[in-house]
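Participant: Sequence:
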Amino acid sequence: MPLLTRSVTASAVALVALSLAACGGGSTATESAADNPYDLQQPGTLRAGTLTDAPPNVFLKDGKFTGFDNDLLTAVAAKLGLKVEFVGTEFSSLLAQVKTRKFDVGSSSISITEARKKTVDFTNKYDFGFLGLDVPKGSSITSFDQLAGKRVVVVQGTVQDDYATRENLDPVRVPDYNAALNQLRTGTADAWITPAEIGEKTAGESGGKVLAVAKQLDPGGIAYAVAPGNDKLRAALDKGIDAVVADGTWAKLQKQYYPSREIPADFKPGSGSAASQ
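Under the working numbering, the residues of the sequence shown are numbered 7 to 283, in order.
Incorrect hints may have been included.
[Claimed, not checked] In silico lysine-lysine, DSS-like type, Cα no more than 27 Å apart, as pairs: (1) Lys245 with Lys123; (2) Lys85 with Lys261; (3) Lys143 with Lys123.
Treat the hints as calculated values from the structure; they're not laboratory data.
Given only the sequences and the hints, what does the whole structure look like? Please build it.
Facilitator: This is the structure:
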């Protein structure tokens with residue numbers, strides 16, 4: 007074949023290949039967006055950062071992540087056609103990990119605060135919470151207003167940490183709930199500010215060595231955290247929350263995990279437009 011002919015033929019083949027590649031690339035991008043509309047790390051799977059030691063909200067049992075928040079998230083994800091992959095972490099780093107998209111969502115009874123809104127976006131509220139107060143057996147402390155000058159332990163980065171700081175209590179900060187409980191057991195802390203349900207459960211399982219003596223409503227409300235700007239995922243989770251409220255799943259899980267807890271009359275989970283069963 008003459009040199010000129012071979013050159014023209016090779017150029018034509020290259021041009022066709024380039025055109026096909028360009029067409030294929032556009033199709034792949036479109037298909038990718040369709041397969042992963044919520045910009046998840048892995049299409050079809052919601053990667054959730056959570057804790058292992060905070061029952062009844064979030065905890066690990068027989069190798070499975072469970073608790074009210076996690077079971078509810080699994081039900082919400084199912085409404086969206088997604089499965090959930092839970093990964094254990096510490097609360098002090100959870101919101102930063104959601105922000106950097108190590109996790110698609112944070113599930114850990116996360117109270118909404120203005121400070122946290124600077125790090126992550128929140129879904130609609132799906133729960134409410136109380137601050138609790140645990141003390142060792144024999145303590146004279148019976149209320150939050152007796153904590154000034156006492157050695158008070160909190161889990162770092164929690165809303166309980168926020169409260170202690172706001173009240174100028176100079177708290178002792180620890181990485182997780184087990185570490186906080188150990189502070190009471192060893193007598194190195196006078197009191198532990200807890201999520202009330204966790205504090206009550208811990209006290210009940212302590213054999214009388216730890217007492218839950220007080221609680222007060224946390225006004226912020228509790229929600230799932232997502233990365234800033236991931237509006238499609240946030241909106242989808244909001245829709246899913248409304249769906250599990252409407253079908254009775256939310257109420258069922260409330261009774262399962264908080265059988266004696268009263269729901270404030272003015273609290274409406276989700277958008278408030280779905281009537282719970």
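Participant: Give a verdict on every hint.
Facilitator: Each hint, compared with the structure:
no.	hint	result
1	Lys245 with Lys123	20 Å, holds
2	Lys85 with Lys261	21 Å, holds
3	Lys143 with Lys123	38 Å, violated
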